[in-house]
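Heads up: the sequence lines are chains S and W, in that order.
Going by the working numbering, the first sequence opens with residue 1, and the numbers climb by one from there.
Going by the working numbering, the second sequence opens with residue 1, and the numbers climb by one from there.
Hints are computed from structural coordinates only; laboratory data are not their basis.
Errors might be hidden in some of the hints.
Label-pair ranges, simulated between beta-carbon atoms [to be verified]: (1) Leu135/S - Arg282/W: 40 to 48 angstroms; (2) Ala137/S - Pro240/W: 24 to 32 angstroms; (3) Leu125/S - Met384/W: 16 to 24 angstroms.
Which bits of chain S does chain W cover? Going by a derived footprint, with three or more residues having C-beta under 8 angstroms, they are [as the list claims (entries may be wrong)]: (4) 88–100; (5) 105–119; (6) 130–137; (7) 159–172.
Each residue gets a CB set at the ideal place from its N, CA and C atoms; glycine is no exception.
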Amino acid sequence: MNDTSPSAPSAATKRPQAVLTGLTLLSALAGLFFTIRQQRLADYPEGLSYLFPGFIFLCLLGVGLSFLRQTRTPAPSSPAHAAGTLFNTAAFCQICGLLLGYVVVIPFIGFVLATLVFQAMAVALVFKRRGLLWLCALPICVTAAFTLFFTKALSVPLPRGTGLFYSLNNVVI
Amino acid sequence: MFEFGAILSSPDLPLLIALITAGVLTGFIVGAMPGLDITTGVALLLPLSYVMGQSEALAFFTAMYCAGVFGGSITAILFRIPGTSESVMSAVEGYPFTARGEPGKALGVAIVFSGAAGVAATLVLMTVSPLLAKVALSFGPGDYAALGILGCAAVVSASGDHLARGLLAVLLGLFFSTIGPDQISGDYRFVIVPALEDGITLIPAIIGLFAVADVFWRILTNDVPQLGRGALAQKWAFPPLGYYLQLTSTFVRSWAIGLFTGILPGAGASSAAFIAHSAEARVSKNAEQFGNGVPEALAAPETAKNAAAVGSLIPLLALGIPGSGTAAVILGAFEIHNLQAGPLLFAQQPELLNTIFFAVLIANIAFVLASFILMRPIAMMTSMPYPVLAVSILTLSVTGTIATGGLAAANVMLAFAILGVGLRALNIPAAPVILGLVLGPIIEVYFRRGLLMSDGDIAAVFGSPVSMTLLVAATLFLLWPLMQNKKWRA
């Protein structure tokens, strides 16, 4: 990144941010030191359970605030900025939803059926592929490969679902 | 000194060789496959560890790592698509050879120098790790805590121009490491949902942050790799021995840079490749030709990245501190087998270390041989349509996570996948989060153990010369980039 680029934060704005962050870190360190001194005679180890996370949290807060202040204008080297990318949020939300749904339904309808449905929907909705090859052959081949790999090669029991689905999966697996 | 006699006379040798070969081929394909880097590949296949013995699993993954770091160079040189982040410079310097009809020259340089660097670094790994482990055996709790702090500082320092981003990522990892049962008092901390009762385990976090987040990110940004096949139709004529020998000084320089960079926690093979390339540009007589297909410009990053990959195993094995993101993932394989990487491993299980060294050495030789024979079919395999790869990665991620940790682990994986996308959007590196997750318990547990032993006297915890030296080194690591005018910026 070129320091002289127009969107780069100037040295004058960077210095107070560095000072702010440095002060936060120092305060957190001082807090840690004095808390330990205070607790020296307290009962160990229960008293210290939240000391380390508290210290990290304070640091995280300080650095995070400093970071947010600096990134109000996106850094030129950020991947999205560099590529001038338009985010495909619809596809992203679809794949997140599909994967979440996949994880949620696996215990109920079993691995085989859930995987078939997930793959067919992902290919159709997210990757916009149509046709028998993409919507049937791909899910069947990939699901069969993974099922065989996990159950036969690795001897890992895969979820079989409940009720009718359990019986159905028992036939397949 | 390590001996391979017991391994060579063992009845399990054929199985071990088969697994190392499988690891090399898998690493090769994963590295070469655009959209699947080696960290992701190792993370995806970690559940395989459950069906392998300790030594077999570690041999497989270390072999896969060594071959995978090189595998990215194949698509980088032939199609200008780096299969891994380590191969970016290979694409810049290697593709011009292909463009002018000489892919064999670039592939030859990449294969020979990567293999030689890996073998030479393995010899250092075999010599230095036991010595380092012997020194580490005398470490007290404070020394270990200081070592963890040094690891964090090195990771932040390796964040290049963006120290704030590196620090933020490490702190996130450190914070996540405190979720779940406190290892000393047994208190449950930040368990806001039942899925966090056991804390954040490494494997779902790794799979979510690397494998799933990568697919999500590519979908979000429409960044779907597509390969042409023009380079596959060309004739590949590999250069004669003299062509390689004239690059000996480049090899020595870049190997030393790569090895040193690899040993530093967090720096990894990607940084090593960039550093070696820019160092070579400073000393080369053909500096103005860099970017147009000059052999030394390609040899430097190829050498450095493989030396760094093996170098990153030195702190992992000797101290339990991973030297790179992938080394942190390999630590997951140790975890699966209830092994603790570090000095005690050398004292208690030297035969396991022997197997790992053997695997790394054989892998570095095997991938050179395999490259010359299988380069073309592997290059053809990488032109798999991305939707097939993406749904396979997602299915394997969910299945692998459920197989290792149940549905709770799958939820953690999903959360880390979303986090991974957020980190990429903010240009924050993901590997330091995992390193923070690994180093957090080391720092906290040893620090508190030190406090218990010293009756709460913090000065006594860090009072030893080793601790003081490590803490001074950590401070220098943090201050050095600032003194180098890299500034505090996001």
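Cross-check of the supplied hints:
no.: 1; hint: Leu135/S - Arg282/W: 40 to 48 angstroms; result: violated (55 angstroms)
no.: 2; hint: Ala137/S - Pro240/W: 24 to 32 angstroms; result: violated (47 angstroms)
no.: 3; hint: Leu125/S - Met384/W: 16 to 24 angstroms; result: holds (21 angstroms)
no.: 4; hint: 88–100; result: holds (count 8)
no.: 5; hint: 105–119; result: holds (count 6)
no.: 6; hint: 130–137; result: violated (count 1)
no.: 7; hint: 159–172; result: violated (count 1)
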